[in-house]
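Chemist: In this note's numbering, the protein residues as written are 1 to 125.
There's no promise every hint is true.
With a straight-line Cα cutoff of 30 Å, these simulated DSS-like cross-link-like pairs (lysine-lysine) come out [as the list claims (entries may be wrong)]:
| no. | residue 1 | residue 2 |
| --- | --- | --- |
| 1 | K65 | K87 |
| 2 | K117 | K68 |
| 3 | K45 | K117 |
None of these hints come from the bench; they were simulated from the model. Note that the structure is predicted; figures quoted are calculated from it, not measured.
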Amino acid sequence: MVASELAGSKKSLGGKPAGSKSADACAGCPLVTVLVCRKCDGHEKVAGYLAAETRASIKTVRCQKVCKGPVAAISVRGRMEYFGRLKSGKSLAAMARLANQSSPRRIPKPLRKRLCKERSGSRPR
1 MVASELAGSK
11 KSLGGKPAGS
21 KSADACAGCP
31 LVTVLVCRKC
41 DGHEKVAGYL
51 AAETRASIKT
61 VRCQKVCKGP
71 VAAISVRGRM
81 EYFGRLKSGK
91 SLAAMARLAN
101 QSSPRRIPKP
111 LRKRLCKERS
121 GSRPR
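With these hints in hand, go ahead and build the complete structure from the sequences.
Modeler: As structure tokens, this is what we get:
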């Protein structure tokens with residue numbers, strides 16, 4: 001009879017609902033780290049937008065020598081990928097979508113044109 005009462009109950013023995021997710025416990029934890037070049041014009045806009053829209057940890061780094069506007073980097077499939085010219089709303093929104101994933105797998109379409117191939121896969125300077 002005790003087993004049937006526990007099976008029908010929505011609470012586990014610990015007092016929390018049985019279906020509760022562990023993601024709620026770490027709601028403020030950063031998912032990924034985004035590196036933003038601090039020398040580029042407009043880097044404050046990129047860093048501020050990503051800080052407001054994502055749970056990513058934002059770090060400013062020195063110039064990456066691929067400057068054609070604001071530059072940001074994020075790890076995709078274990079490789080550092082650098083994106084330049086992040087001034088438009090579509091590219092910033094795509095960067096926020098990428099930063100909101102715990103382990104990004106694919107680069108969103110608006111960011112594919114912004115990919116800096118000469119720095120791809122290398123660590124930040």
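Chemist: State for each hint whether it applies.
Modeler: Each hint, compared with the structure:
Using a Cα cut-off of 30 Å, the hinted pair K65 and K87 holds, with the two alpha carbons roughly 18 Å apart. This hinted pair checks out: K117 and K68 have alpha carbons roughly 13 Å apart, not beyond 30 Å. Of the supplied pair hints, the one linking K45 and K117 holds, its CA atoms being roughly 23 Å apart against a limit of 30 Å.
Checked against the numbered hints above, the structure breaks none of them.
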